[in-house]
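**Q** Protein chains in written order, with numbering that gives the first Met the number 0: chain B, 0 to 232; chain F, 0 to 232; chain G, 0 to 218; chain Y, 0 to 218.
It should be emphasised that the hints constitute simulated quantities derived from the structure, not laboratory data.
Don't take every hint at face value.
[Stated by the list, open to error] Restricting the straight-line Cα-Cα distance to at most 30 Å, the calculated cross-link-like pairs of lysine-lysine (BS3-like) are:
1. B/K168 x F/K161
2. F/K230 x G/K9
3. F/K3 x B/K168
4. F/K72 x B/K139
5. B/K158 x F/K158
6. G/K123 x F/K131
7. G/K123 x F/K45
8. G/K181 x F/K139
9. F/K168 x B/K161
10. F/K221 x G/K123
11. Y/K120 x B/K45
12. B/K215 x F/K168
Residues per chain are reported as follows:
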Amino acid sequence: MINKVVSSAHHACSGIEHGMTIMLGGFGLCGIPENCIAELVKMQVKELTCISNNAGVDDFGLGLLLQQRQIRKMISSYVGENDEFERQMLSGELEVDLIPQGSLAERCRAGGAGIPAFFTPAGYGTEVGEGKEVRIFNDKPHILESALTADYAIVKAWKGDKTGNLIFKGTARNFNPPMAMAGKITIAEVEELVEPGELDPNQIHTPGIFVQRIFKGEGYQKRIEQRTTRKKA
Amino acid sequence: MINKVVSSAHHACSGIEHGMTIMLGGFGLCGIPENCIAELVKMQVKELTCISNNAGVDDFGLGLLLQQRQIRKMISSYVGENDEFERQMLSGELEVDLIPQGSLAERCRAGGAGIPAFFTPAGYGTEVGEGKEVRIFNDKPHILESALTADYAIVKAWKGDKTGNLIFKGTARNFNPPMAMAGKITIAEVEELVEPGELDPNQIHTPGIFVQRIFKGEGYQKRIEQRTTRKKA
Amino acid sequence: MALDKNGIAKRIAQELQDGWYVNLGIGIPTLVANHIPEGMSVDFQSENGILGMGPFPYEGEEDADLINAGKQTITALDGAVYFDSSTSFAMIRGQHVQLTVLGAMEVSENGDIANWKIPGKMVKGMGGAMDLVASADNIIVAMMHANKKGESKLLNNCSLPLTGVGCVKKVVTNLAVLEIVKDGGFKLLERAPGVSVQEIKSATQGKLIIEGDIPEMSL
Amino acid sequence: MALDKNGIAKRIAQELQDGWYVNLGIGIPTLVANHIPEGMSVDFQSENGILGMGPFPYEGEEDADLINAGKQTITALDGAVYFDSSTSFAMIRGQHVQLTVLGAMEVSENGDIANWKIPGKMVKGMGGAMDLVASADNIIVAMMHANKKGESKLLNNCSLPLTGVGCVKKVVTNLAVLEIVKDGGFKLLERAPGVSVQEIKSATQGKLIIEGDIPEMSL
Numbered sequence: 000m001i002n003k004v005v006s007s008a009h010h011a012c013s014g015i016e017h018g019m020t021i022m023l024g025g026f027g028l029c030g031i032p033e034n035c036i037a038e039l040v041k042m043q044v045k046e047l048t049c050i051s052n053n054a055g056v057d058d059f060g061l062g063l064l065l066q067q068r069q070i071r072k073m074i075s076s077y078v079g080e081n082d083e084f085e086r087q088m089l090s091g092e093l094e095v096d097l098i099p100q101g102s103l104a105e106r107c108r109a110g111g112a113g114i115p116a117f118f119t120p121a122g123y124g125t126e127v128g129e130g131k132e133v134r135i136f137n138d139k140p141h142i143l144e145s146a147l148t149a150d151y152a153i154v155k156a157w158k159g160d161k162t163g164n165l166i167f168k169g170t171a172r173n174f175n176p177p178m179a180m181a182g183k184i185t186i187a188e189v190e191e192l193v194e195p196g197e198l199d200p201n202q203i204h205t206p207g208i209f210v211q212r213i214f215k216g217e218g219y220q221k222r223i224e225q226r227t228t229r230k231k232a
Numbered sequence: 000m001i002n003k004v005v006s007s008a009h010h011a012c013s014g015i016e017h018g019m020t021i022m023l024g025g026f027g028l029c030g031i032p033e034n035c036i037a038e039l040v041k042m043q044v045k046e047l048t049c050i051s052n053n054a055g056v057d058d059f060g061l062g063l064l065l066q067q068r069q070i071r072k073m074i075s076s077y078v079g080e081n082d083e084f085e086r087q088m089l090s091g092e093l094e095v096d097l098i099p100q101g102s103l104a105e106r107c108r109a110g111g112a113g114i115p116a117f118f119t120p121a122g123y124g125t126e127v128g129e130g131k132e133v134r135i136f137n138d139k140p141h142i143l144e145s146a147l148t149a150d151y152a153i154v155k156a157w158k159g160d161k162t163g164n165l166i167f168k169g170t171a172r173n174f175n176p177p178m179a180m181a182g183k184i185t186i187a188e189v190e191e192l193v194e195p196g197e198l199d200p201n202q203i204h205t206p207g208i209f210v211q212r213i214f215k216g217e218g219y220q221k222r223i224e225q226r227t228t229r230k231k232a
Numbered sequence: 000m001a002l003d004k005n006g007i008a009k010r011i012a013q014e015l016q017d018g019w020y021v022n023l024g025i026g027i028p029t030l031v032a033n034h035i036p037e038g039m040s041v042d043f044q045s046e047n048g049i050l051g052m053g054p055f056p057y058e059g060e061e062d063a064d065l066i067n068a069g070k071q072t073i074t075a076l077d078g079a080v081y082f083d084s085s086t087s088f089a090m091i092r093g094q095h096v097q098l099t100v101l102g103a104m105e106v107s108e109n110g111d112i113a114n115w116k117i118p119g120k121m122v123k124g125m126g127g128a129m130d131l132v133a134s135a136d137n138i139i140v141a142m143m144h145a146n147k148k149g150e151s152k153l154l155n156n157c158s159l160p161l162t163g164v165g166c167v168k169k170v171v172t173n174l175a176v177l178e179i180v181k182d183g184g185f186k187l188l189e190r191a192p193g194v195s196v197q198e199i200k201s202a203t204q205g206k207l208i209i210e211g212d213i214p215e216m217s218l
Numbered sequence: 000m001a002l003d004k005n006g007i008a009k010r011i012a013q014e015l016q017d018g019w020y021v022n023l024g025i026g027i028p029t030l031v032a033n034h035i036p037e038g039m040s041v042d043f044q045s046e047n048g049i050l051g052m053g054p055f056p057y058e059g060e061e062d063a064d065l066i067n068a069g070k071q072t073i074t075a076l077d078g079a080v081y082f083d084s085s086t087s088f089a090m091i092r093g094q095h096v097q098l099t100v101l102g103a104m105e106v107s108e109n110g111d112i113a114n115w116k117i118p119g120k121m122v123k124g125m126g127g128a129m130d131l132v133a134s135a136d137n138i139i140v141a142m143m144h145a146n147k148k149g150e151s152k153l154l155n156n157c158s159l160p161l162t163g164v165g166c167v168k169k170v171v172t173n174l175a176v177l178e179i180v181k182d183g184g185f186k187l188l189e190r191a192p193g194v195s196v197q198e199i200k201s202a203t204q205g206k207l208i209i210e211g212d213i214p215e216m217s218l
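Just chain B, with the same shape it has in the complex (with noise of 0.2 Å):
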């Protein structure tokens, strides 16, 4: 029998190489995959193209693949957070593809899902249209996008089951769900790991069928960008 429980951050990234695309969930530093970017930083593997929402901090999260010049190119919606990203960036040490937050989390359903492309109105008339099929749908102007795969998808969930089903917590779903299907081998790291038939079958957010590895991860630090607060009354 197959089996997809893997030991450790180690074993799960085996076979990433020099160059390949990587897809990461996460949202900001919420629901990141934390075992396995430190993984990536220790294998040192470079000229990597990550998809991910965001590009992580200084010093944490894919910040941390930046600094060691891992990564040649990002595909992104929003990388504010990190000086060490603008630095690359306006040096040309880094390419960067910006997309409308939704055109991303889509075009990765839309690659694990099979659709290779479809039209939406996002970024028509921008300079993210420019070059792309316009078509007119209920008398607005669509452009056409395309789906987007990756070599490996590397997510991080609350629980997951050794069949690869896998659970969510809070806001740390985010672009996870969406990138295991995209992800030719999808790499889920979980902080709960438990038996099939553990898990409810009606409250599973990613089905195992998207899931090739998956591993207990340790240690998590689960940073927060931004606390705020209020006080008690």
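Starting from the known structure of chain B, fit chains F, G and Y onto it as the hints suggest.
**A** Relative to the frame of chain B, chains F, G and Y by itself:
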């Protein structure tokens, strides 16, 4: 404060008129909105275009609307279990648009998601693809399919809360979530209706934003089309 | 001797690989589930919204909310998951299902398949068949070699309205295992036990490719 | 007297309707949540994946797995729901969110908006803004009437790279409420308390349409 809760199928279906387009969730007789179908029969609303994966059986599900000649056009993927359907179709009383099941589901989701059209390989080279735009992606021909929407989408859920959040059970989920997204007005009938906050926000299948009216259905028959069993050893 | 339906299913089961996700159509394909090789784990997807489909329920334990695409009552195995129809076909269209087995009325030598419509007869619809055949990388057709009138179902060209174009990779019939080759033609891979190449030749209308000795299936 | 940021937010809150789903951008728009009229229930969507967003958590109760699109820690109200990014933008693109309020660097008299990029400066990205403005039926821009250099942000044509074309319906600034009319032009609807039509005129570079008496906002 807006109240989405209505007291019965009668109130839920108010506004449905002759000639409207209605989506109805369900696969076979599994997960169909039994209460609202009965109400549509009572209302004697006619000339309906019904979008539903199947057309019920002779004496249940959409078969009840067919008996009363309330349906002008069916948009479905499979309509095989219904003699009255066959009679009306062959006599030309009933117009039928057959759509591949996956395209039907995706066209509903697209309608709800503001995606007016997308490419799919399903149906290329068949009569489903006739007259549709063909384009090659990844060396494979695809056809352009358009979104579906409806004046009303009627879905059946297991549990719902008063803000319209829905949870489905087993394979009774099927077409209900994509159709819930695609109704200008979406009506949900549920087996159990609870207060906001009683459902875990991580476990909701259809967010309440897609649902305009909700009520607790009654007297569910949940008929089984093919009762297949095995004997205890 | 020609195979019966169970024999066809048994032969197809030899094509399974450990860990595969598989969609089985109605009829002969359904029987494949009864012949999974020992020690192998295969996960069955039913397009109405379940992965990890189990056997029929025990009498009295049927659940109307738990059916397969044939509308039959089923059970769910440990590790099963339910999902909606658009997610289900995302799996299929996105080629996450490794093998699709389905029946056919006709298959052509270039891999076209017809299995949903007979002109002049009641049309029931294509259900999920067009999505399945258009998407799957690996499609095996399970069918009898001839129809009820004794006519070959393996043809130069399909005469019935198509379900999909150039998509079938392999055909397993009561007489033979045949691969559809790139330039067109049914390449004979195996004979049913006791069935001669000549019998297969005369039962096949489409271009049959016979290279070297054709072994018997080992079942 | 010109409004402060809170005043702008307060005026925009008057546009809310009971039961609406609303997406608030970063900056002034966020403040709108503090001014929901009594007895009205409005549901806030944050595009990273929550409906039913509540106030900031009490100190010590922050949850790293629960943030808004501005990456701030938040809470969830009863009836809240979490979803993934593709579902979130299905809501937005599918026009299920009734109102989008966002800031802008420039708005043109035909409803174009520029709010994501200044050539020569570091580009942070459009985030969800392009999806939001391209999709919403009802977009209100909340901004100061002039930029830090004192130049009008209400223009004949935007000079900065666009976020969306012909999409803004209404602008609420520190000086005025303006509607963008079909044939182009900022129709002056209301003045900030104590602000004269003349002041608004001289602060507006784009085509300003003034019909009849212009009332003061009632805040």
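**Q** Run every hint past the structure and note whether it holds.
**A** Cross-check of the supplied hints:
{"no.": "1", "hint": "B/K168 x F/K161", "in the structure": "holds, 23 Å"}
{"no.": "2", "hint": "F/K230 x G/K9", "in the structure": "holds, 23 Å"}
{"no.": "3", "hint": "F/K3 x B/K168", "in the structure": "holds, 27 Å"}
{"no.": "4", "hint": "F/K72 x B/K139", "in the structure": "holds, 28 Å"}
{"no.": "5", "hint": "B/K158 x F/K158", "in the structure": "holds, 23 Å"}
{"no.": "6", "hint": "G/K123 x F/K131", "in the structure": "holds, 22 Å"}
{"no.": "7", "hint": "G/K123 x F/K45", "in the structure": "holds, 24 Å"}
{"no.": "8", "hint": "G/K181 x F/K139", "in the structure": "holds, 15 Å"}
{"no.": "9", "hint": "F/K168 x B/K161", "in the structure": "holds, 23 Å"}
{"no.": "10", "hint": "F/K221 x G/K123", "in the structure": "holds, 23 Å"}
{"no.": "11", "hint": "Y/K120 x B/K45", "in the structure": "holds, 28 Å"}
{"no.": "12", "hint": "B/K215 x F/K168", "in the structure": "holds, 29 Å"}
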